[in-house]
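Colleague: Sequence:
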Amino acid sequence: MNKVRFRKSKVILFAIFMGILILGFPSSVMSENTPEMQIDLLLKDCIEIDSVKQEILTIDYTAVFEEIPEIHLLRVKSNSEAVKQEIKKNENVELIGKLSDVFIEDNRLIKQKSLLKNMIIPETVTFESDEADELAILEELAWYKNTMLEDMQILEKSKGQGVQIGLIDSGIDILHPLLSPVVDIAKAKSFVDNDLSIKDSNGHGTMVAGIIAQIAPQTKITPYRVLSSNGGDSFWTLEAMIQAVNDDQDILNMSLGTYKYENIADEKITIESFERAVDYALKNDVVIVSSSGNKGLDLDLEFEDKELRHLPGSVPGVVSTSALTADNILASYSNIGSNIQQSAPGGDYVFVDGQLDANQLIYTSYPTTLDNTLGSIGIPQGYMFSAGTSLAAPCISGILADYISYYKKLTGSSPIVNQIKEDLAFSSIDLGINGKDKLYGYGLPRVKNMYTKVPDKISPTGKFKEQVIEVNEPRTEIDFVTEIQDNSDSEVIVSYLERPKFSELGKQEVKIQLKDNSGNQTILVGTIVIEDTKAPTGIYKNIKVIKGEDIKPEMFVDQVTDNHDSKKVKITFENSVDTNQVGEKEIEIRLSDFSGNFIILKGKLEVLELIETKPNINLAKRESIASSKKISDEKASNNDGDSDKDKNLNSRKSFPNTSEKKVRFSIIGYLLLGVSLCIVSSRYGSEQ
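Quick note: the sequence shown uses my numbering, first residue 4, plus one each step.
It is possible that part of the hints are untrue.
[What the hints assert, rightly or not] Below, simulated DSS-like cross-link-like pairs (lysine-lysine); rule was C-alpha separation at most 25 Å, straight line:
1. K412 to K424
2. K160 to K424
3. K309 to K441
4. K286 to K309
5. K101 to K309
Hint data in this document are derived by calculation from the structure and do not stem from the laboratory.
Sequences and hints are given; from them, build the entire structure.
Modeller: What follows is the structure, encoded as structure tokens:
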């Protein structure tokens, strides 16, 4: 009995203690851990968020805040009714309410299990789960890729390199073989409360990313996770939009949305917040591509009747996309309206004789960690059939990535949003009534046409290759340039501004022009050195001279040539030569050019007592000899011995065929003539 009383006493004491403990602390401390009220405030543009926060903290110092300062959006968590009243009367607050949820309008085949039993699969595709080439199957079924890429011609010029797409969705499977090469996880972020992972537990983001990766295979996709498996919050989505813009993304793909009424006060804050976020993106030249929604609504009529809007697709400036079938007809589920800017493949549920035609659906990637439930029809894990404007939007994002990449390549800068939208509209095939309409917008984009609108503003590049060149061995312009590159596919014309003087020794400055078909040009300047490293050439000529005759080295060489200047070649004896001794001698002749290059020619010289050659006398010599012979013949009968001597004296002698030899022949001729005249004269006198 005493034990029972004691236990009751302990319970009473414990209750009193807890009551004192609870009552002894202000209620605001309790609210710090359990905020019960959440209010979203959109402040006037000129107001600093910090000033409003300070006013709230004076009322409830335990209030918790989340903010997006770029659009002056503040979320307050507090359980104080006084805070709510203060906010309502605060003149700095433009709108008060609670931001709505965002969601995806899901059309994936996993949601339509009853259709799997009776489905038409392309005959050319064989699904063998253990051996199937998954990428080959994807290539076969991804008809939308050929539609957007014009049978792959677009990728010949650009594959989206250098472009970043912010994927605001449910996350991504970063290990998927199709996606792992293109995912940029450095900037990836989750905005889902209490979940920092970018892992896609929904599947939607991975499907969207798979389409982008096929159409722009070298673009980088940054996942910003705003959707969990249960949906998302507009505040998370707005945070992601601003973060993506600040991360320098080129394109934001937003295949999600929410429907809000402008005539409901509490929903105006969601509409205005999205409009501010879109405006922030456009001012920073970031393109936003959005799905138009899958409810099959005419949004113009919905707005006229109920002031209903689809966000962010209905916000001016957003490229809202309707969905097409494989036959380029508006999909049955696609929303329409004047906000539609473009249309792209989204697939549709088409039945042929009661069977679902898989050829009409979009086949794309799916998280490998989630069961696609399609194994019964042989579809490998990691892939999914689906349809929707959510899948049309990434088709547009992908081709815009290709276009922006090509634009950067040709101009060196990114296009502004207005330019992008103008070129997109210009390029499109008009699918509906003439001009822009509320079903197809401007129509289906043709990127090849968009490429023609891009001006080429970047000059070709190259590197000057400095060289040492042999004199008088000309080079073409291309010989001096390496690593020629041009941003376009046009031919680069390489030409001299002034042709180098290849015949002049020494250093020369060379200027070479690189010019593309658009007239952009680059001047490369470099130095070349012209040098002479080759020896002159010649042919040794063997000669014969008489004993004691003077010789010169030029007598021994024919056909002297030099690659620089043959006239400047010096010809000298390499060894001493003595012609006073009869016999055969070794001769070495040096040919030296202007640069000091030389060659030694070797040959023979024969020194003779008397060199017999054919007569080589001029007319005067022949007349003198003839005259002497006539006089000698007249006295021949008187003195046969003298006559024999005369004949011997008058016999013709031959000498070497050189200029010096000719002179000697003349002298000897005259001497013989004189001797003959003296003999004749003396004989004539004796007869007298």
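Colleague: Indicate, hint by hint, whether the structure satisfies it.
Modeller: Cross-check of the supplied hints:
Distance check on the hinted pair: K412 and K424 sit about 19 Å apart at the alpha-carbon level, within 25 Å; holds. Proximity of K160 to K424 is assessed by CA-CA distance (about 20 Å); at most 25 Å being required, the pair is judged to hold. Note on K309 and K441: the hinted pairing holds, with a Cα-Cα distance of about 18 Å set against a maximum of 25 Å. For the proposed pair K286 and K309, the alpha carbon gap of about 31 Å is over 25 Å, so the pair is violated.
Restraint check for K101 and K309: the C-alpha separation of about 20 Å stays at or below 25 Å, so the hint holds.
The structure is inconsistent with hint 4 alone, although it conforms to all the rest.
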